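Participant: These are the residues of each chain, in order.
There are 2 protein chains.
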Amino acid sequence: MDLWLKEKQIENAVMTYKIKETLHIEKTKYQDLAILDTYEFGRMLVLDGIVQTTIKDEFVYHEMITHIPLFTHNNPKKVLVVGGGDGGAIREILKHPSVEKVVLCEIDERVVDLSLKYLPEISSALNDPRCEVFIGDGIKYVIDHKGEFDVIIVDSTDPFGAAEGLFNVNFYNSLYECLTEDGIFVAQTETPIYLPQVVKKVFHDIKTAFPITRMFMAAIPTYPGVYWSFTIGSKKYDPLTIDENKIKDIDTKYYHKDLHKACFVLPKYIKNLIG
Amino acid sequence: MDLWLKEKQIENAVMTYKIKETLHIEKTKYQDLAILDTYEFGRMLVLDGIVQTTIKDEFVYHEMITHIPLFTHNNPKKVLVVGGGDGGAIREILKHPSVEKVVLCEIDERVVDLSLKYLPEISSALNDPRCEVFIGDGIKYVIDHKGEFDVIIVDSTDPFGAAEGLFNVNFYNSLYECLTEDGIFVAQTETPIYLPQVVKKVFHDIKTAFPITRMFMAAIPTYPGVYWSFTIGSKKYDPLTIDENKIKDIDTKYYHKDLHKACFVLPKYIKNLIG
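Which chain is which? The protein sequence lines are Z and H, in order. Residues in the first sequence are numbered from 0 upward in steps of one, following numbering that gives the first Met the number 0. Residues in the second sequence are numbered from 0 upward in steps of one, following numbering that gives the first Met the number 0.
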């Protein structure tokens with residue numbers, strides 16, 4: 000059978016991946032979920048038709064969304080991940096010896112269950128004793144846990160549908176309250192290639208809530224446009240003024256200390272976009 | 000009509016673009032050539048089914064393949080472009096006031112003719128009096144012009160078919176001979192995402208011919224894998240040790256002085272690949 004996943008990256012540009020096997024397809028309470036095995040990228044998690052993570056390239060996203068804020072914070076002990084039910088961010092966070100506890104707050108239990116079953120390379124750290132998995136609404140969790148976390152990572156789907164509430168000023172203000180007094184948060188904030196106005200709005204919304212706001216980029220092969228933005232909101236620590244020579248070498252495939260500041264140097268069109 | 004260009008980026012991953020209009024299609028002496036108008040990227044030049052350049056994103060490639068070597072060289076006066084018949088590299092090169100003459104050596108006259116007709120935003124600098132267009136074989140041209148050029152830019156198609164001869168040690172040795180004593184060259188060298196072994200081989204081949212070899216990256220939305228490598232071979236100037244504060248601000252959309260060194264900071268998997 001000549002089976003292909005078609006992913007509409009934007010209205011008039013569609014990426015397609017040849018499928019070896021459909022391992023699981025279901026409609027959960029929140030979204031259409033599929034685990035597919037592809038020829039080029041190995042097994043992948045697909046939500047509402049959009050590729051979320053793949054065995055071949057997941058390291059880029061999971062390393063960059065975690066190590067940038069964790070190496071910027073002076074001593075991260077308690078970390079919250081909103082979304083990220085595949086567990087990849089948890090695996091990277093637990094490489095930091097200072098971390099005593101990490102909470103995963105994922106709205107869709109089936110993402111966690113099926114990642115544990117089909118994507119163990121990504122999800123297995125969810126079983127670590129330092130990790131607590133909480134199934135529930137991230138917005139409510141953040142409001143209910145004021146001043147608790149040193150680092151918060153918003154590892155969400157796109158700002159349409161289920162994750163829409165994770166992309167606005169109210170939520171960023173709640174994150175501010177949920178952080179400790181020197182806390183820092185990061186979110187995946189889409190691609191300036193296809194969604195420049197979303198990138199611009201999100202950056203400015205975060206800027207209204209946090210004194211230090213910075214954007215960095217990473218190249219994630221299976222994300223639309225590949226060139227992906229992440230935005231930091233921080234109360235005290237600035238990723239651009241830390242001493243990167245103090246960054247310890249950890250087991251990574253993308254992140255390393257020389258990249259810690261270089262990934263914040265944006266092309267002129269993106270600099271101009273976020274002004 | 001629901002018309003789409005399907006571009007096989009690698010065996011099992013295919014990108015597709017919705018087409019507004021097919022402006023021109025022909026089989027030239029060297030390749031299948033098409034000028035298509037697309038909804039997402041505007042007009043594009045397609046050679047042998049592969050997108051070469053588009054109105055929307057051409058600035059990334061053309062700025063990065065030119066301004067990095069030209070701002071690394073102390074005083075570039077005479078520049079050669081091998082390939083690049085669309086003229087985009089010429090447009091960027093002529094933004095440098097030190098440049099007195101630039102030669103475009105393109106094997107396929109039809110690329111030049113049709114770019115001038117359908118892509119004037121990219122090609123119009125080909126009419127500049129400082130630019131000489133030479134239609135012929137780049138390998139032979141380089142051998143015939145020893146010690147002539149301060150900067151050479153190899154703006155070729157992929158290392159299969161027509162451009163195969165532009166990706167090997169013999170050609171890199173010829174480039175060395177074609178450069179002045181402090182000359183520098185750059186080539187587009189494919190994506191480490193889909194073709195890691197090609198990237199590795201090309202880097203090592205260039206390293207055997209030049210004392211200073213450096214790789215930098217840029218995000219080109221319509222190139223397979225987006226995250227694209229370029230390799231510098233230089234006799235004297237090192238892009239990493241120049242004083243970037245001396246770089247003058249020029250009219251660009253991607254390149255600026257803070258990016259001059261940052262784009263050479265490679266993710267760990269690429270650093271390890273080229274070792």
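In short, the hints are calculated from the structure, not lab data. All of these numbers come straight from a predicted model, not from anything done at the bench. Hints are not guaranteed to be accurate.
Where chains are identical, the list cannot tell them apart; a pair therefore holds if satisfied intra-copy or between any two copies.
The calculated DSSO-like cross-link candidates involving lysine-lysine, where the alpha carbons are at most 30 angstroms apart (straight line), are [as the list claims (entries may be wrong)]: (1) 199 to 247; (2) 17 to 260; (3) 256 to 139; (4) 94 to 235; (5) 206 to 5; (6) 94 to 267; (7) 256 to 199; (8) 267 to 76; (9) 17 to 199; (10) 19 to 247; (11) 100 to 267; (12) 235 to 7.
Participant: Check residue 267 against residue 76 for me: Cα-Cα at most 30 angstroms, and say if that holds within a copy, between copies, both or neither.
Facilitator: between (36 angstroms within a copy, 26 angstroms between copies)
Participant: With 30 angstroms as the alpha-carbon cut-off, assign the pair residue 256 and residue 139 to within, between, both or neither.
Facilitator: neither (35 angstroms within a copy, 44 angstroms between copies)
Participant: Is it within, between, both, or neither for residue 94 and residue 235, if the alpha carbons may be no more than 30 angstroms apart?
Facilitator: within (23 angstroms within a copy, 42 angstroms between copies)
Participant: For the identical chains here, do residue 206 and residue 5 meet the 30 angstroms Cα criterion within one copy, between copies, both, or neither?
Facilitator: The answer is neither: 36 angstroms in one copy and 40 angstroms across copies each exceed 30 angstroms.
Participant: One pair to classify: residue 17 and residue 199, alpha carbons no more than 30 angstroms apart. Within, between, both, or neither?
Facilitator: Between. Shortest inter-copy distance 26 angstroms satisfies the 30 angstroms Cα cut-off; intra-copy 34 angstroms does not.
Participant: If the cutoff is 30 angstroms on CA atoms, where do residue 100 and residue 267 land: within, between, both or neither? Let me know, please.
Facilitator: between (39 angstroms within a copy, 28 angstroms between copies)
Participant: Given a CA cutoff of 30 angstroms, do residue 94 and residue 267 count as a within-copy pair, a between-copy pair, both, or neither?
Facilitator: between (34 angstroms within a copy, 17 angstroms between copies)
Participant: Treating 30 angstroms as the Cα threshold, decide for residue 235 and residue 7: within, between, both or neither.
Facilitator: Intra 39 angstroms, inter 47 angstroms, cutoff 30 angstroms: neither.
Participant: Under a CA distance limit of 30 angstroms, which applies to residue 17 and residue 260: within one copy, between copies, both, or neither?
Facilitator: Neither, since 37 angstroms and 38 angstroms both go past 30 angstroms.
Participant: At most 30 angstroms between alpha carbons: which applies to residue 199 and residue 247, within, between, both or neither?
Facilitator: Between copies, since 27 angstroms is at most 30 angstroms while 33 angstroms is not.
Participant: Give the relationship of residue 19 and residue 247 under a CA distance limit of 30 angstroms: within one copy only, between copies only, both, or neither.
Facilitator: Neither way: residue 19 and residue 247 sit 39 angstroms apart in one copy and 52 angstroms across, limit 30 angstroms.
Participant: From the Cα coordinates, with 30 angstroms as the cut-off, is the pair residue 256 and residue 199 best called within, between, both, or neither?
Facilitator: both (27 angstroms within a copy, 23 angstroms between copies)
Violated hints, listed in ascending order, are 2, 3, 5, 10 and 12; each of the other numbered hints is respected by the structure.
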